[in-house]
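**Student:** Take the sequences, apply the hints, and build the full model.
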Amino acid sequence: MRDQTFHIVYELLTSLSILCSFISIVLILRVRSKKPAAANSPFFSLALWISVADFPVLIDSYFTNPLTFGAHAPSGPQSARFFMWYHMFSHMWVVCLNVMIALDMHLVIFHHLPPKARIRTWYPYIATGMAFFVSFWYLILPGARFKIGSSISVSLDSKMAFQFYISWKCLWLYTAILYVLAVVIAIFFTLYQSRNRINKLILDPECGTRRTALIQNASKVVAYPVMLFVVYLPYAVNTLVVSFQSGPASSALDYLQVLLFTLQGVLNLITLLFHPAMISTYRQEIIPFPGFIYAMMDVKQPKCQSKRKHSGRKPEMATHPLTINSLPSPPPAAVVAPLYDLDLEPNVSGIFNPMEERNSRHTSTIILITFRSNA
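Counted from 1, the sequence shown has number 251 at position 251 by our numbering; the numbering is strictly sequential.
Among the hints, erroneous ones may be present.
As the list claims (entries may be wrong) - Computed beta-carbon distance windows for the label pairs:
hint	residue 1	residue 2	range
1	9	229	20 to 26 Å
2	160	133	19 to 25 Å
3	192	158	47 to 53 Å
4	36	160	51 to 57 Å
5	133	185	24 to 30 Å
6	114	19	35 to 41 Å
7	190	36	28 to 34 Å
8	243	122	33 to 39 Å
9	33	159	49 to 55 Å
10	274	133	31 to 37 Å
11	229	168	17 to 23 Å
12	192	243	35 to 41 Å
In short, the hints are calculated from the structure, not lab data.
Ideal Cβ placement from N, Cα and C applies to all residues, glycine included.
**Tutor:** Okay, structure coming up:
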């Protein structure tokens, strides 16, 4: 009875995650249609691919649940190998896409990768190729068979094949998790170290404002790699625990990693809503949201929307004629060339050297990172 209740909750959460993944795809496509510059954002493109990759992972749960397709699972070895490959590919696809986000931040921040570098358009295809390479070997493992218990799983008769199955999976999972964790720690260490060093100097207040915005936006962007660490680390640990056949001691960890997987689509949607590219669309009213959403996300509500809310009618055009003297003066041109881009908010400078920050008022010299405006 307890297992049946768990499987019912499991399927309900899985259905909710599928709905959230679909909403994420619709939001991203809507922004890309209204704001074509967002299509050139590697983070935004990878967010779309991650939302699409959620579907194979979540559909996999329907195959393993005895209350759905698992009640009539096939029994042939070929079906078992295919299911084993599908399970591995769907999970590694999400893992590799998140690794590509960390790789892009690594190359941009520490190796000054230009914004129009060709490799930035290859990230989704590199991740797909890596996932297929890692999972391909499961199609040729001998002795694969279905094991039907509280859920549907695949077992291997050969001890050597089973050791390869566990070792190969853990090798790539732990490598990806450790790499993502190392990149995130290095980025935060670099950003906060720069901010602390700058705070000791007397500079223009605008410099501190830009650096604060830089750190805040970097915190939002690295949410995808951090979520990979949160969701997939219990899965990797549980894989090792099960391989050592610890029995009942692993049941709590098994429940935890299963529930985290079911919430993956929900977590992706929440991460997307706080993405700097999405926050920029809120400010530009590309995707209108209620006022409490702006307050929750600490985003200033657009003035026109606020006026309409208080007045209850559309703003009318001015009746007095416009003259040349009454026209507003154009905004001053930017003085720093957008050399490098990390897809954060407009007009956010990533210059970490205080002398370069001071000199950037008069010349466009080489800088570490600059964030361009897509408005």
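**Student:** Would you mind marking each hint as holding or not holding in the structure?
**Tutor:** Each hint, compared with the structure:
1. Against the hinted window of 20 to 26 Å, the Cβ-Cβ separation of residue 9 and residue 229 comes to about 25 Å, which satisfies the hint.
2. A hinted range of 19 to 25 Å for the beta carbons of residue 160 and residue 133 is consistent with their spacing of about 21 Å.
3. The supplied range of 47 to 53 Å is met by residue 192 and residue 158, whose beta-carbon atoms lie about 50 Å from each other.
4. For the pair residue 36 and residue 160, the beta carbons lie near 53 Å from each other, so the given range of 51 to 57 Å is met.
5. At about 27 Å, the beta-carbon gap between residue 133 and residue 185 stays in the expected band of 24 to 30 Å.
6. The hinted range of 35 to 41 Å is satisfied by residue 114 and residue 19, whose Cβ atoms lie roughly 38 Å apart.
7. Under the hint 28 to 34 Å, the C-beta atoms of residue 190 and residue 36, about 32 Å apart, fit the expected range.
8. A hinted range of 33 to 39 Å for the beta carbons of residue 243 and residue 122 is consistent with their spacing of about 34 Å.
9. Checked against the hint of 49 to 55 Å, the C-beta distance between residue 33 and residue 159 comes to roughly 54 Å, which is consistent with it.
10. Between residue 274 and residue 133 the C-beta distance comes to about 33 Å, which sits within the given range of 31 to 37 Å.
11. Restraint check, residue 229 to residue 168: a C-beta distance of roughly 21 Å satisfies the suggested window 17 to 23 Å.
12. With their beta carbons about 39 Å apart, residue 192 and residue 243 fall inside the hinted range of 35 to 41 Å.
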